[in-house]
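Please build the complete structure, drawing on both the sequences and the hints.
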Amino acid sequence: MCYGVKARTEMSLRMARSRGDAATAERLRQLLEPPEVFDLHFANAFDHPRLVLFTDTAPREPGLFTWGLVPGWVKGDAQRVELWNRTLNARGETIFDKPAFRAAAKHRRAIVYVEGFYEHFHFGKKAYPHFIRLKDREAFALAALWEEWTDRESNMLWRTFSIVTTEANALMRRIHNKPGSEGPRMPLILAEGEEEQWLAPLHSTHGEAALKALIKPFPEEAMQAWSVKPLLGKEGKGNRAGASDEFDYPELALAGPLAHGG
DNA sequence: CCAGACGTTGTT
DNA sequence: GTCTGG
DNA sequence: CCAGACGTTGTT
DNA sequence: GTCTGG
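The first sequence begins at 14 in the working numbering and counts up by one.
The set of hints was computed from the structure by calculation and includes no laboratory data.
Taking lysine-lysine and the DSSO-like style, the derived pairs with C-alpha atoms no more than 30 angstroms apart in a straight line are:
1) Lys119 - Lys225
2) Lys229 - Lys111
3) Lys225 - Lys148
4) Lys88 - Lys111
5) Lys229 - Lys148
6) Lys111 - Lys225
7) Lys88 - Lys119
8) Lys229 - Lys119
9) Lys242 - Lys148
10) Lys139 - Lys242
Small disclaimer: the values here were computed from a predicted structure and weren't measured.
As structure tokens, this is what we get:
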């Protein structure tokens, strides 16, 4: 789930200014110089982009983290490579139980602002990429977990993260309809009022229960989706401006309406 | 007890 | 580090 | 989507 | 050829 996200430098800077202050935004701008963030970041076994995260330990100090969480108990670099393809996402239902995520779920939560994300709609044996966003918010927060891990051999520090997922709502079930796949998922989208709750220390709230209450599908009526050009391959639009531009596939008219207001 | 896993999703 | 499976 | 397996018995 | 794993 979450084939890719749109998280542009410009939008990250804007969120840094709104959450933090001018100095924080300036530090972030220097971190991102030259701007290296485009319209689409892939999340798959071959691609581990760095994105801007706001963490619980420094909610006003955004940092760059690599997608694919590396737990603290990882023994060496080979194990890191083996594991992090499989920790791009964390199932919200089990983050407090799984050895890979438990510590992060308790003490290292974060949010990442995106303008939307990408999924494939399957119709007539073909896959049609779609862009999904919120109708009335230019950028919104996805719930994440983060870790820091140091490779003892190279002394290299890895700051990594995983995007939390939850059950898909009706819109996401219609889009993310890969035949044979079971239990469709969507990223955990936080409403504006939920962002600080997700970042708050456990002891300051009603503990795990308060966090678990946030782990639920986002209301579908607040979301919209449209089809976009192929993201990969010869005609691929990935990691370039315009990846999220609407592109109409005539044959999809037969599939019926997919999205609200898309 | 020790060895081995530790995880999720999907189409270049 | 901690849990699971053999 | 592509790459690679595609099988069985059985324990130092 | 078809299924599985990545």
